[in-house]
Amino acid sequence: DTGVSQDPRHKITKRGQNVTFRCDPISEHNRLYWYRQTLGQGPEFLTYFQNEAQLEKSRLLSDRFSAERPKGSFSTLEIQRTEQGDSAMYLCASSQGTVNSPLHFGNGTRLTVT
Amino acid sequence: DAKTTQPTSMDCAEGRAANLPCNHSTISGNEYVYWYRQIHSQGPQYIIHGLKNNETNEMASLIITEDRKSSTLILPHATLRDTAVYYCIVSGAGGTSYGKLTFGQGTILTVHP
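These protein sequence lines map, in sequence, to chains F and X. Residue 1 is where the first sequence starts when you use this note's numbering, and the numbers rise one by one after that. Residue 1 is where the second sequence starts when you use this note's numbering, and the numbers rise one by one after that.
This is chain F alone, in the form it adopts within the complex:
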């Protein structure tokens, strides 16, 4: 399968712990996006990368959230000091980065904070 891969699929953590999620985009895609989806809502844009450069991070929900894409390939999303309100599905997507190229999403990481 050459689609977008996310790991882990599910993560249960206790409030206050740090968590990190990984995303492997489609190999020829230079743009990588992170979205968050809470129950009953559509996905919400968080941040994106063009190769290794993070071009927008203003939508990251707080300074507890950070994302990296160190070599322009895979990306990680870290949440520090998790709160129960962080419970959601975290989705990664990639695209070729041309003007109208569509996004291809992974199946997400479901985070539950207890």
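Accuracy of the hints is not assured; some may be wrong.
With beta-carbon atoms standing in for the labels, derived distance ranges [what the hints assert, rightly or not]:
hint : chain 1 : residue 1 : chain 2 : residue 2 : range
1    : F       : SER58     : X       : GLY15     : 24 to 32 Å
2    : X       : ASP11     : F       : ILE26     : 32 to 40 Å
3    : X       : ILE74     : F       : LYS14     : 45 to 53 Å
4    : X       : THR79     : F       : THR98     : 27 to 35 Å
5    : X       : GLY15     : F       : VAL99     : 34 to 42 Å
6    : F       : GLY72     : X       : GLY29     : 28 to 36 Å
Below, a list of computed lysine-lysine pairs in the DSSO-like style, where the Cα atoms sit at most 27 Å apart [unchecked claim]:
hint : chain 1 : residue 1 : chain 2 : residue 2
7    : F       : LYS11     : F       : LYS71
8    : F       : LYS57     : F       : LYS14
9    : X       : LYS100    : F       : LYS71
10   : X       : LYS52     : X       : LYS69
11   : F       : LYS57     : F       : LYS71
12   : F       : LYS57     : X       : LYS100
13   : F       : LYS11     : F       : LYS57
14   : X       : LYS3      : X       : LYS100
15   : X       : LYS3      : F       : LYS57
16   : X       : LYS3      : X       : LYS52
17   : F       : LYS11     : X       : LYS100
18   : X       : LYS100    : X       : LYS69
Some chain F residues near chain X, calculated using beta-carbon distances under 8 Å [as the list claims (entries may be wrong)]:
hint : residue
19   : PRO43
20   : PHE74
21   : GLY106
Calculated from the structure, these hints are not laboratory results. This structure is a prediction, so every number in the text was calculated from the model and none was measured. Glycine included, every Cβ here is placed at the ideal spot set by N, Cα and C.
Using the hints, position chain X against chain F.
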């Protein structure tokens, strides 16, 4: 990006065509119409997109009105596996805005046997 309006839910009989409408009356000249769907517990799946001409691919057809203020996604022969939430999204093509999709509530399509 322009806002879209979709019906909350729709039903369709298996084997029949499913026609999903979307209103985007404030769409700008350089904004594309994208359709994605999301099956429970999976990530959104890209279906089709267009600017002003009708488009067709192996999954669906997209009909955009001449004034571009509305569009219809057509699944020609719906199957039970097409049951999903369908999102119509308008996204700008200029600058850095593309890829920053604004998802609404979408339309819950239920295909019945």
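*Going through the earlier hints one by one, which of them does the structure break, listed in rising order?*
The structure conflicts with hints 1 and 20, although it agrees with all the remaining ones.
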